[in-house]
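Produce the entire structure from the sequences given, and follow the hints as far as they go.
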Amino acid sequence: DAKTTQPNSMESNEEEPVHLPCNHSTISGTDYIHWYRQLPSQGPEYVIHGLTSNVNNRMASLAIAEDRKSSTLILHRATLRDAAVYYCILRRPGRSQGNLIFGKGTKLSVKP
Amino acid sequence: NAGVTQTPKFQVLKTGQSMTLQCAQDMNHNSMYWYRQDPGMGLRLIYYSASEGTTDKGEVPNGYNVSRLNKREFSLRLESAAPSQTSVYFCASSLRGTAQPQHFGDGTRLSIL
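So the sequence lines, in the order shown, correspond to chains P and U. For the record, in the first sequence the residue sitting at position 112 is 112 according to my numbering, with numbers rising by one throughout. To convert, take the position in the second sequence, counting from 1, and add 112; that gives my numbering.
Be careful, since some hints might not be right.
Which stretches of chain P does chain U cover? Using the computed rule of at least three CB atoms under 8 Å from a CB of chain U, they are [stated by the list, open to error]:
no., segment
1, 44-55
2, 85-93
3, 102-112
If you're looking for bench data, these hints aren't it; they were derived computationally from the structure. Nothing here was measured: the structure is a model prediction, and the numbers come from that model. Ideal Cβ positions, reconstructed from N, Cα and C, are used throughout, including at glycine.
This is how it looks when you write it as structure tokens:
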């Protein structure tokens, strides 16, 4: 599986937008870009995923670079509840195991 | 919306004891997974079940067994618990297909003394 690189930590102020970057320079053409987050003492939570085009849902937006070597998860207005570890994960259709391969992620702190 | 339900939430065992962690999902998902998460580390796959009636080993299967009881339920058994199995265990489920999002339970925190 292709590797992703994320900053170890980021800080944001409440009600401000947050842009969480992810580099994946060895991404293949069929790899989907998935984002999960893990709040303290909870299981990971699916946030969003995309292939080539930018994606929006009720939780966040995903901006994918034209060359697909990087992507950015955008939280439009951070709340205290958004403080979590955010994981950027590449997923390739057809892999036999189907498991998610978690890196260290980005720990997001949100200040009131 | 229950989603993925894991029981128990907490458990303390003595070395050598056995126990079964239960997982059930109500989303009609085909695939189910068991992961473990150790402090400061990402999740690692123990076993998975791509569909009802099939199970396969993941990255760290030693010391564990699984049963896909039906489409809803996927249990993880520790036959003879060891301190190295102290961890937080997460169950997840998804529709068939490796690009499908996975939905996780809240975890079982297991301590083995």
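- Message: Using a Cβ cutoff of 8 Å, are there at least 3 residues of the segment 102-112 of chain P near chain U, or does the coverage claim fail?
- Response: holds (count 4)
- Do at least three Cβ atoms from the segment 44-55 of chain P come closer than 8 Å to Cβ atoms of chain U? With 4 residues in contact (Cβ-Cβ under 8 Å with chain U), the coverage given for the segment 44-55 of chain P holds.
- Message: Using a Cβ cutoff of 8 Å, are there at least 3 residues of the segment 85-93 of chain P near chain U, or does the coverage claim fail?
- Response: Answer holds; 4 residues pass the 8 Å Cβ test.
Comparing the model with each numbered hint stated earlier shows that all of them hold.
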